[in-house]
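Student: Chain by chain, the residues:
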Amino acid sequence: MSALVEIRRLRKSFGLKPVLRGVDLMLGPGERLALLGANGAGKTTLLRILACLTRPGGGTVTVAGLDSVRDAQQIRRLVGFVGHQAYLYEELTALENLTFFGRLYDVAQADARGRALLERLGLARRMHDRVATFSRGMIQRVAWARALLHAPRLLLLDEPDTGLDQEGQQLIDVLVQEHIEQGGGAIFTTHQLERALQLSERIVLLKGGKVALQDATEAISLADVQEQLRV
Amino acid sequence: MALTDHTLPAERKAARVAGQERDTKLPLVSLVLAGLSLIGGLISAWMIFLYAPTDALQKDPQRIFYLHLACAWVGMLAFVLLAVTSIVALIRRNERWDWISRANAEVGAVFLTIALVTGSLWGRPIWGAWWVWEPKLTATLIMWFMYIGYLMLRSYMGRTLDSMRVGAVMAILGAIDVPIIYLAVNWWRGQHPTQVSQLPPEMLLTMLVVLLTFTIFYVFLVMQVYQLQRLQTLAQRLRLLVMR
Amino acid sequence: MKQFFLQVFAILWKDIRCELRSKQTWFSMGMFALLVLVIFNFVFDLRIDDKATVAPGVLWVSFLFASILGLSRTMAMEQEQGSMDRLLLCPVDRRAIFLAKLLGNLLFIFVVELVALPVYIVLFNLHIFVGALVPVVLLGTVGIATIGTMCAAMAATTRARELLLPLLVFPLVVPVMIGAVRLTEALIAPLPNEPPWLGLIIAFDVIFLGVSTLAFQFIIED
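Protein chains in written order, with full-length UniProt numbering: chain A, 1 to 231; chain B, 1 to 244; chain C, 1 to 222.
So here's chain A without its partners, still in its complex pose (with noise of 0.2 Å):
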């Protein structure tokens, strides 16, 4: 079985800061892996650099067989993300947004496919109202339809749960389990420890833009991620 992602020696400043130094990464398909770390070491420019919005300032970034810097509009086609923004137009409604994004994804009937996603996700009676009306979490979950949209391979999700309610968090739950069952790949960042050990298939702690621990999940313990993340 092939890996989804293959991170090699991966280095990455930004202005002249160093924020990623040599890391080394892999995911299979129907994996879920838990990017933790404390904040600034370098969990939200990893997830940049493998969504193709930043390129790496050294070593290689393989997504599907696809090199990030020679392949990096293939990769965009097979890669949903979901970040601290919500990468939404304010002016748009919820479901001008994904038809939207949906013809730049080039999704066969967009249209269609926005309505099932935002059924799915609990705003079928908001879909046609403008995205500067939603709170937070309406926000968000719009901002899940617009990363599931294109029916993507690989799932980068930087603090999905944010400002989501207790029913929007069981919502998504489900949509990622169906997406790890047909063989897609999940990488998400998130500070909550036991909710990481819970749902991930492999674990992987930065630490000033190294990684610091990177095993499967069963063989690591809350207590290791903790020592990790104190010293």
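Everything labelled a hint here was simulated from the structure, so no lab data went into it.
Wrong hints could be hidden among the right ones.
[Claimed, not checked] Stretch by stretch, here's where chain B covers chain C in the computed footprint (C-beta under 8 Å, at least three residues):
(1) 2 to 9
(2) 191 to 203
[To be verified] Every beta carbon over 10 Å from chain C, so not counted as near; a handful from chain B, in silico:
(3) Ala34
(4) Trp46
(5) Val110
(6) Arg124
(7) Trp130
(8) Glu134
(9) Leu204
(10) Arg237
Cβ atoms here follow ideal geometry from the backbone N, Cα and C, with glycine treated the same way.
For this one, chain A is given, so just place chains B and C on it according to the hints.
Tutor: Same frame as chain A, but now just chains B and C:
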């Protein structure tokens, strides 16, 4: 300044490991260029004031022409090189070429400013006005504004890779536009005063010597400013690391 | 190929929709162009027979200033709401993004010109064939908008973007301004032996459209 090399053997070894050795070897080249510039400067001064004959029509103020032409030449050369080094920096994503680009821009802007001022000073006794909208001066003025725009843009955007790419695009746009601007301005107005072919051989020789001296001096200055850019960037980097 | 243009129009449509719903830009641009025209009327004391000499300059200066205003506004809009990342995440051709932005800016400026032109003709009491003026305005505006879209993207991330934008744009659009003013003059009072200004503007447009389409991606992403 980069004229002398204060680095210790241990620092030189570390620099070599970090791939920065070439930067510390510059002092010798700088010294040579500085020497040549000095000699050239002395010869030029003699030629401008004593060797070259006095112009029949314009008398002595004409001598400022040598300075004006040389500065204008350097200013324009720097602009073209700015575009070239910017393209290289863009393709190679190498910040060293960006330092050269910024050095080119800064030095070129200064020379072009001097060219404008000397052009004005030269024009005053001849045309009776401090400024005329004749094609070459107008085109030079517009190029000067492009320099200022580039420098301001780089200044506001800081020392990031974004800044490097945006600056490069600006330089490329400007360089492509310059010939078009020159054409447009020429169609719009008349002619520039002196035709080079009408100059007596002594004047021609003086002009060439001054041009050569200024070009050497320009390269020397660009190397110094390059070092400055390099050190400023490294200093900023260290500052950021320390502040964590 | 078809996919490319679909993307261009999708982005353009989205921009127009967003702009219409915020309702700010069009009106202020239109008012601005008219204001400039009226102010110039007083400045040059145009109740004289010499109107023909200043009229073209006045027109094109007002177009240029209104364009700058419009460009600043669309630039600010993209910055306000968390940058280009929304678009850059998608597998959309970066050249399509540029064309969409350019077309959007062109549309805004054209609407302003549409309003300003009849007012201009009335104010200056000109007797020219408007039909001949249209291609000049079109081609000149394309030049200004192309340079403007690039410079707006360049200045967008800086603190002093409203100051920087005209500083970057004005020197670059000099050939278009000279050519457009001369062509407009020629329509009012034809001169013999004029250089091929229209050819110059067309060449400018073609060259910079090409260069900008290729270079835009370097401005907006890593």
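Student: All the hints need checking, so say for each whether the structure fits it.
Tutor: Here is how each hint holds up against the structure:
1. As drawn, the region 2 to 9 of chain C meets chain B at 0 residues by the rule of a beta-carbon pair under 8 Å; below three, the given contact is violated.
2. Note: the region 191 to 203 of chain C has 4 residues with beta-carbon separation from chain B under 8 Å; the three-residue rule is met and the coverage holds.
3. Here B:Ala34 stays apart from chain C, with its beta-carbon at least about 34 Å from theirs, past the 10 Å limit.
4. Once the 10 Å rule is applied to beta carbons, B:Trp46 is consistent with being away from chain C; the minimum gap is 38 Å.
5. Distance check on B:Val110: its Cβ is at least 18 Å (rounded) from any Cβ of chain C, clearing the 10 Å threshold; non-interface status holds.
6. Its beta-carbon lying about 25 Å from the closest one in chain C, B:Arg124 satisfies the requirement of being farther than 10 Å from that chain.
7. Non-interface call for B:Trp130 relative to chain C: holds, since the shortest CB-CB distance, roughly 21 Å, exceeds 10 Å.
8. Every Cβ of chain C is farther than 10 Å from the Cβ of B:Glu134; the closest lies at roughly 14 Å, confirming the non-interface assignment.
9. Distance check on B:Leu204: its Cβ is at least 31 Å (rounded) from any Cβ of chain C, clearing the 10 Å threshold; non-interface status holds.
10. B:Arg237, annotated as away from the interface, keeps every beta carbon of chain C farther than 10 Å; the closest lies near 19 Å.
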